[in-house]
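Colleague: From first to last, the protein sequence lines stand for chains A and B.
Read the first sequence against the numbering used here and you will find it ends at 471, with the numbers running on by one and no gaps.
Read the second sequence against the numbering used here and you will find it ends at 242, with the numbers running on by one and no gaps.
Check each hint, because a few of them may be wrong.
[Said to hold, decoys possible] Here's a subset of chain A near chain B, in silico, CB distances under 7 angstroms, partners left out:
#1 PRO268
#2 TYR270
#3 GLY271
#4 THR344
#5 GLY347
#6 LEU348
#7 GLN355
#8 GLU358
#9 MET359
#10 LEU363
#11 ARG366
[Said to hold, decoys possible] Pulled a few chain A residues facing chain B out of the computed Cβ check, cut under 10 angstroms:
#12 ARG351
#13 VAL354
#14 ALA454
Calculated from the structure, these hints are not laboratory results.
All residues carry an ideal CB built from backbone N, CA and C; glycine is no exception.
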Amino acid sequence: MSDAPDHSPTLAALSISDRLGQAMPYILIPVLVVLGFLAIGSTSSWLTLTVSGLAMGMMIFLMASGLTLVFGLMDIINFGHGAFISVGAFVGVSVLMAMGGWTTAPSLPLNLIAVLLAILAATLVTGILGWGFERVIVRPVYGQHLHQILVTVGGLIVIEQMIHVIWGPHEIFLTRPETFQGAITYWGAALEKFRLLAVVLGLIVFVTMRLVLRRTKIGLIVRAGVQNGEMVQALGYRLRLVFVGVFIAGSALAGLGGVMWGLYQEVITAGMGEEMMILVFIVVIIGGLGSVEGAFIGALLVGLTQNYIAFLEPKLALISNIGLMAVILMWRPQGMMPVVKAK
Amino acid sequence: MSDDILTLKGVYTDIAQYHILADLDLNVPRGGVTMLLGRNGVGKTTTLRTIMGLWAAKKGQITLDGTDLTALPTSDRARLGIGYVPEDMGIFTDLTVAENMILAAAGGGLDAKRMEWIFGAFPALRTFWTSEAGNLSGGQKQMLAIARAMAEERQLYLIDEPTKGLAPAIVSTMAGALRDLKKQGASILLVEQNFAVAKALGDTAAVMDDGRVIWTGEMAELANDADLQERLMGLSMETL
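Work out the full structure, taking the sequences as your base and the hints as a guide.
Modeller: This is the structure in structure tokens:
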């Protein structure tokens with residue numbers, strides 16, 4: 129065989145339109161914020177609505193981030209995810225109620241510790257519940273989408289009924305910890321303190337997830353597994369264990385989202401998770417199945433759009449999210465940042 | 003210890019309702035390159051996937067250096083020292099070249115000396131170390147797929163059509179790298195349609211038809227006998 133001719137490797141440079149296409153999802157948020165400002169006109173109203181939209185988006189992201197990874201990595205359609213949101217809310221609120229003295233004291237550290245303990249308890253319980261759910265309900269139906277829908281909806285109903293048994297059939301009203309009540313005024317806008325907390329917490333979770341996914345070997349395995357699980361196994365990794373770990377983490381994040389959503393709404397019901405699933409699925413779909421970044425941007429888009437439209441044209445608020453999904457899917461049918469999966 | 007690193011005895015594999023492998027017997031000698039040849043659709047890729055456990059053998063036994071692999075999951079087979087390069091390359095396109103290589107070192111970190119050897123064989127990988135693998139050309143992706151298998155010392159390499167659809171210059175680079183691997187005493191089971199590559203690299207050959215091995219022998223014997231090629235594969239490889 130003859131020797132190879134000189135071959136200097138080159139990499140095709142991405143065109144400007146390709147680069148713009150890749151950056152477009154990230155640009156959408158500032159574009160939407162600017163459009164919102166132009167449409168609303170009043171700086172104070174715009175600021176209030178923007179913070180409210182970001183807070184709502186962050187909380188939806190907390191609930192959706194686990195689901196998108198479960199979708200992408202395990203190809204599981206888990207309608208039971210809403211149950212973890214509800215259970216998280218009930219466990220978290222129960223902890224907060226048990227720490228009545230800490231939540232009613234006008235002390236930021238005590239209030240913060242109470243909220244963090246509530247989050248810890250909620251994520252622990254929903255993580256363990258997620259482990260059991262994966263083992264008992266999901267594992268027997270891997271690869272069977274119709275069965276997955278049926279059994280996970282069944283699991284959702286069973287868990288909701290268990291909430292009724294444990295906490296009673298009625299909704300529970302609650303009051304946020306003392307220092308997270310009320311609002312601060314900035315540039316004439318009233319910014320609810322709890323919403324600011326939700327924004328900060330959402331950002332912390334997003335950055336942490338991104339760091340874990342981008343900078344650790346387990347994150348590398350998860351990202352690779354979303355694309356081509358078979359090859360990850362052929363390289364020597366037990367993907368089943370990674371599946372279970374991601375399912376547990378996703379359930380725990382739903383629990384965290386449930387606590388925050390409960391505190392945001394100041395009322396919790398057994399069906400609250402189920403009701404949130406529509407928004408959560410919209411976020412997962414428009415973000416691109418399996419993409420945490422996509423879910424983050426999608427959640428912020430949903431939160432901001434809903435708040436702006438509810439202010440500008442209240443009658444359209446109910447269809448704003450479905451409309452957003454329709455527009456994005458017409459633009460990118462696989463979602464904004466789809467993960468390229470092996471055939 | 004047997005001279006065969008890998009043995010398949012009476013292996014049957016079904017895919018859905020189709021019987022793909024039927025009573026397959028195959029021995030891969032330790033050290034050297036065994037070519038797995040045959041027409042399209044005779045079960046070569048299925049054989050490699052069955053060895054890796056990606057498709058379950060319905061019956062039969064697969065042993066690697068005396069260890070029964072039959073009941074082991076894919077990940078355990080890989081950890082026993084099988085490097086696998088699938089026909090579609092299995093590249094993680096959203097990950098960088100570096101990340102693809104880091105994943106390939108399941109037992110720990112990348113060995114610097116081994117990486118120098120890999121970069122010597124495939125300089126393009128050093129050039130595009132931090133680039134997304136999805137942006138590489140087809141040939142560069144194939145280099146990465148083989149480099150991934152070479153990232154750690156393996157007992158056996160299973161390589162499925164590494165030169166398929168590649169430009170002659172890249173085929174030559176690929177053949178050079180495999181020759182280098184062979185010189186180090188590696189055991190390789192190679193599915194290859196490019197006759198020149200098969201002839202240059204193969205020590206022994208197994209020809210498959212209808213899900214079973216119908217001929218085994220020296221690669222040189224097969225390469226020099228056009229009638230035998232015609233009889234086993236329905237065409238002379240010299241004409242390819």
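Colleague: Would you mind marking each hint as holding or not holding in the structure?
Modeller: Consistency of the hints with the structure:
Nearest Cβ of chain B to the Cβ of PRO268 (chain A): about 18 angstroms, over the 7 angstroms cut. The hint is violated. Given the 7 angstroms rule on beta carbons, the hint for TYR270 (chain A) is violated: about 14 angstroms separates it from the nearest Cβ of chain B. For GLY271 (chain A), the interface hint is violated, since its Cβ never comes within 7 angstroms of a Cβ in chain B; the closest pair sits about 13 angstroms apart. Taken as an interface hint, THR344 (chain A) does not check out: its beta carbon lies about 11 angstroms from the nearest beta carbon of chain B, beyond 7 angstroms.
Hint on GLY347 (chain A) is violated. Least Cβ distance to chain B is approximately 10 angstroms, over the 7 angstroms limit. For LEU348 (chain A), the interface hint holds, since its Cβ comes within 7 angstroms of a Cβ in chain B; the closest pair sits about 6 angstroms apart. For GLN355 (chain A), the interface hint holds, the least distance from its beta-carbon to any beta-carbon of chain B being 5 angstroms, beneath 7 angstroms. Nearest Cβ of chain B to the Cβ of GLU358 (chain A): about 6 angstroms, under the 7 angstroms cut. The hint holds.
The interface hint given for MET359 (chain A) is met, as the beta carbon of that residue sits about 4 angstroms from the closest beta carbon of chain B, less than 7 angstroms. Taken as an interface hint, LEU363 (chain A) checks out: its beta carbon lies about 5 angstroms from the nearest beta carbon of chain B, inside 7 angstroms. The beta carbon of ARG366 (chain A) is positioned within 7 angstroms of a beta carbon in chain B (closest approach about 5 angstroms), and the interface hint is therefore held. Interface restraint check for ARG351 (chain A): the shortest CB-CB distance to chain B comes to about 6 angstroms, inside 10 angstroms, so the restraint holds.
Given the 10 angstroms rule on beta carbons, the hint for VAL354 (chain A) holds: about 8 angstroms separates it from the nearest Cβ of chain B. Hint status for ALA454 (chain A): violated, given a least beta-carbon distance of 27 angstroms to chain B, over 10 angstroms.
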